[in-house]
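Participant: Please construct the entire structure, taking both the sequences and the accompanying hints into account.
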Amino acid sequence: MDGTTKKCLQVNACKARKGIIEGVYNAKSGHPGGSLSIADLLTYLYFEKMNVNASNPEDPDRDRFVLSKGHCAPALYAVLALKGYFSEKELKSLRHIGAMLQGHPCIHTKGIDMSSGSLGQGISAACGMALAGKLDGKSYKVYTVLGDGEIEEGQVWEAAMFAAHKNLDNLVAIVDNNGLQIDGTIQEVCSPEPITDKFAAFGWHVITMDAHDFDSIENAFAEADTISGKPVAIIQKSIKGKGVSFMENQVSWHGSAPNKEQYEQAMNELDAQLNELEG
Amino acid sequence: MADVIKKATRESYGEALTELAEKYPELVVLDADLAAATKTGIFKKAYPERFFDCGIAEANMMGVAAGLAACGKIPFASTFAMFAAGRAYEIVRNSIGYPGLNVKIGATHAGISVGEDGATHQCNEDIALMRTIPGMTVINPADDIEAKAAVEAAILHNGPVYLRFGRLAAPIFNDKETYKFEMGKGITLREGDDITIIATGLMVSEAVAASDELKKEGINAGVINIHTIKPLDKDLICRAAEDSGILMTVEEHSVIGGLGSAVAEVVTECYPVPVIKIGVNDEYGHSGPAADLLKEFGLCKDNIISQVKKALK
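Which chain is which? The protein sequence lines are V and Z, in order. All residue numbers for the first sequence refer to the numbering used here, where the first residue is 1 and numbers rise by one. All residue numbers for the second sequence refer to the numbering used here, where the first residue is 1 and numbers rise by one.
Derived from the structure by calculation, the hints contain no laboratory data. A portion of the hints provided could be inaccurate.
Claimed, not checked - Cross-link-like lysine to aspartate or glutamate pairs, in silico, EDC-like; alpha carbons within 20 Å at most:
{"id": "1", "chain 1": "Z", "residue 1": "Lys44", "chain 2": "V", "residue 2": "Asp136"}
{"id": "2", "chain 1": "Z", "residue 1": "Lys23", "chain 2": "V", "residue 2": "Asp136"}
{"id": "3", "chain 1": "V", "residue 1": "Lys138", "chain 2": "Z", "residue 2": "Glu26"}
{"id": "4", "chain 1": "V", "residue 1": "Lys166", "chain 2": "Z", "residue 2": "Asp53"}
Facilitator: What follows is the structure, encoded as structure tokens:
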């Protein structure tokens, strides 16, 4: 990846992280940890990878995105706002009464391809979208992001079996492997490991990547594009809370909002990162 | 009496899908390893490229249907009522109902007339479950003619529809030439103002037979066929409450949450009258031949007659 593109992505990812903190802080609730761990991924998908256009959000030929780990909606909203689907001001009304931005993604929000949030369901819908693409002879791809805790849901493996059996090579599922879920580490709670082996055993092509390194991300998606005949699972090694020092690798930041002091510290840290990048 | 032709509405379902496939190119069919039983196998044979077996994985099937619908397809997700409304309830609610996607759920083997398979497969709760989902249309056709018309009506309706079909052969009493299906509209089959029997699905023909016998004894029992349980034909039901002053509901479903409850909800607001509910009484079914089970559980003409007489005493 060339330096300009990388810097541009890094800047946007940092802005997305600010959007996440802004949203969750103003909502006084939400899920910052897992949102921050997918901020780079969503930035890459929306700014570099996917064929999408904010001025034509219903284009039948567009690539589709399903946030199967729907509780990380703040990340998706922040990136959609940066991409111009709606005003960044909307982020401040996240989860408020009458607001467009619901606690979990809703299909009726501009730029959202599928309602999600009840874990394990998004990947099935993504399978359906990929199947529709095959039926219609369209070349769009479907991307879906799952949590590593989420894959404890049995429905995920029903979908994994289905996607491989139907040869859905237009489907890419990214597992955000930050190692933490609400009740603790994934090893403590009910380990879904070994994740790569499981997807491989289900007939998927499996790639691993560093979730916070755009070269690694680009390589992973470039490899995904070469695969035909089977769906692709990208297991991204990530840091929950990435970008905000006191949130990193802390399970307590799975689903809680920062207070004013914490908000200011988080924004200062992110502003500093942004200044350094743009400096 | 002339020989009555019977056909299971699941058979009508499989045939209707096949007959309508050319007319509606976006129609696709999903099943969960029950195509031989749900009769979507008929469609599979004719349109294999538009049929997708999802294996024994109903939760995923409902989600796949949602994704297909989000891309403009009209998927019919087919399995037994127990698994469609029961096992996959939350997927139907969150992935189909909440986004308001154009998915049709073809649920066969509803009610105790499943027969020998017994309680685990006899779903008497599906109407209750499905009608609580906002935006979900719930249809329970009574015979072959109505079932086929309901399938096409479901295609023409933009939004989620739950279609309930039976395993047991049901008498065909509607006339193909004159029958007209209007979603959300009940059909008055017998006039009568001593009592109005409101029936759905397999119980409609039993209600008609009961009314005809009661007539001979001087009791005028009206009969309304409610094929669409949601949205319910409130006007017709309220008029019946006013005209007859007492209602009886008959359904092959639990008396909790089904047609009886839906009718009671309506009349308590518009014209409170007694509503006698015939259905499965807060209990599980068990194994046995369907016809015997229906008698045992009082889902038959004879019990309707005796309950009417008791109510009017």
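Participant: Go through the numbered hints given earlier and state which of them the structure violates, listing their numbers in rising order.
Facilitator: Going through the list in order, the structure violates no hint and respects every one.
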